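Going down the list, the protein sequences come from chains B and C.
Residue numbers for the first sequence follow our numbering, so the first one is 1 and each next one is one higher.
Residue numbers for the second sequence follow our numbering, so the first one is 1001 and each next one is one higher.
The hints are simulated quantities; they were obtained by calculation from the structure and are not laboratory data.
Mixed in with the good hints there might be a few duds.
What the hints assert, rightly or not - Computed spacing ranges between beta-carbons, pair by pair:
hint, chain 1, residue 1, chain 2, residue 2, range
1, C, ARG1012, B, ARG24, 32 to 38 Å
2, B, ARG360, C, ALA1072, 42 to 48 Å
3, B, PRO447, C, ALA1068, 52 to 58 Å
4, C, LEU1016, B, ALA433, 56 to 62 Å
5, B, VAL93, C, ALA1068, 16 to 22 Å
6, B, GLY41, C, LEU1019, 26 to 32 Å
What the hints assert, rightly or not - Short, incomplete list of chain B residues facing chain C, as computed with Cβ under 8 Å:
hint, residue
7, LEU74
8, THR85
9, PHE236
Every value quoted in this text rests on a predicted model; they were computed, and no experiment measured them.
Just so you know, even glycine gets a beta-carbon here, dropped at the ideal spot from N, CA and C.
Given next are the chains, with one letter for each unit.
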Amino acid sequence: MTVALGILLAAFAAAIGLGLLARRGHTMSLEQWSVGGRGFGTVFVFLLMAGEIYTTFTFLGGSGWAYGKGGPALYILCYGAVAYTLSYFMLPVIWRYAQAKRLVSQPDFFAAKYDSRGLGVLVALVSVAALVPYLVLQLKGLGIIVSEASYGAVSPTTAVWTGTAALVGYVVVSGVRGSAWTAALKDIMILGVAVAIGVYLPFHYYGGYGAMFEAIDRARPGFLTLPATGMSPAWFVSTVVLTALGFYMWPQYFAGAYTARSEDVFRKNAVLLPLYQLVILFVFFAGFAAVLTVPGLKGPDADLSLLRIAKQTFSAPTVGVIGAAGLLTALVPGSMILITAATILAQNVYRVLVPTATDRAVTRLARALVPVIALLAVGLTLRGGEALVPLLLMGYNLVTQLFPALLASLGERPWATTSGAFAGIVAGELTVAYLSLTGATLATLAPGAPQTLKDLNVGIVALTVNAAVLTTVSLATRRRPTW
Amino acid sequence: MTGSPTPARARRYRWLALLPPVALLGGIPFVNRVHPLVLGLPLLLAWIVGWVIATSAVMGCVWMLDRARSRADR
């Protein structure tokens, strides 16, 4: 037990150390702090982009879904591949424009393309509203991982406070360079851990993959495929499409693209990342192995399946290493979220309100906002109950609403008008809020519709409303002066 | 990629990139079964893994063709 705790502490110290060291030799302007001076090559951009693959949600949630839901969990394996294909064509266009205009945030892009600071403020508010629940999720995951892997020696509350303090420290000092350096450590550890347990567990308990899946199929017929209604193939396909469109709308990955040295970096990444994300497969194997081995985890407790089966199978030092890898999956995305939210508030809200603000003042404010946002997230983490998953899904839906306006802006001149983009985003977000608050699905909205339609992910509704409003308003306001 | 934009028809091979996502998702209703297991994996999972690997291969081809094209342009 003390061994496990020692390993957790060592990983934690290494992450902080790397995070602080990353600053060496760089003076921290906002451009350095937020987008690494646009000097990152394939490896660092790869690591930042791979951050989305291994958040605590994938580590705990991926195995948790495989354990609790079976077949439908496989959507997590699909959306990345679709999103990377999209990124091959989309990210170079975004990067070229951001480079020319020296943009540092996602709202910057919308404000510049549509020549409207107001649109920048709108996008900034949407982004931050989506980022906070995402950060809360990372912190909650961190609490679970550390308390489980330390065999209860560290309480989730202590873990959340300590983890957040470390995050704030290296983020304020090193900015996105700190994230990139700790991401390297994280990915080495998670690769090793995921492959090791994903290979070991099925062979140890069942004698192989085929035997494991046969055993699960016998005990729980239908568990390994998609059900005919509910999370059916229609649900699966619509969810993959929505998630893939929303993927790069997350402001931290959008701005992560600005860190690249050249546009070819994205093309190489689009080739490599689909293979890399196959490592999630091994996380699934661990979750599937747990189905018959540690049965009985219900509801949100399914997220504990990976750590529970690990504790039942391995000695304390191994559990410590697994926990340390899990800890890093919370720290790296957490740091990117903090940098992004702070940059957005300083650059796209404060600077608009106070146009006379100097670059130095904006940089200082961005760094000063880091502990404020972190404290807010800690407060929500420690107070919040089970309402997190709906919040995260709402966050995903919120950022996905930026996609139509982005797509319409990618040409030489935006196809949509500023008012069209504004109206589309607002209409989409209001629809998301309504759907989330009422818990409506297509089955409740259109009870008479065919089953396939009823099973579609309800996010499709918001995106359709958004695109329709954007198009209508744009056509109505074409060739008239916009404000 | 650098320099003057190439005519759109010259990059027809880029449509190749559509193949993996369309096949991956379009096939889902037809492979929603456990048996036959492929390399020990349920058919649904094997289908997904296969197309994720194919995504990488296809994007690799598109990338190489793009590079050859931009060298030829120079």
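Do the hints match the structure? See the list:
{"no.": "1", "hint": "ARG1012(C) to ARG24(B): 32 to 38 Å", "in the structure": "violated, 48 Å"}
{"no.": "2", "hint": "ARG360(B) to ALA1072(C): 42 to 48 Å", "in the structure": "holds, 47 Å"}
{"no.": "3", "hint": "PRO447(B) to ALA1068(C): 52 to 58 Å", "in the structure": "holds, 55 Å"}
{"no.": "4", "hint": "LEU1016(C) to ALA433(B): 56 to 62 Å", "in the structure": "violated, 40 Å"}
{"no.": "5", "hint": "VAL93(B) to ALA1068(C): 16 to 22 Å", "in the structure": "holds, 21 Å"}
{"no.": "6", "hint": "GLY41(B) to LEU1019(C): 26 to 32 Å", "in the structure": "holds, 29 Å"}
{"no.": "7", "hint": "LEU74", "in the structure": "holds, 6 Å"}
{"no.": "8", "hint": "THR85", "in the structure": "holds, 5 Å"}
{"no.": "9", "hint": "PHE236", "in the structure": "holds, 6 Å"}
The structure fails hints 1 and 4 (numbered hints given earlier, in ascending order).
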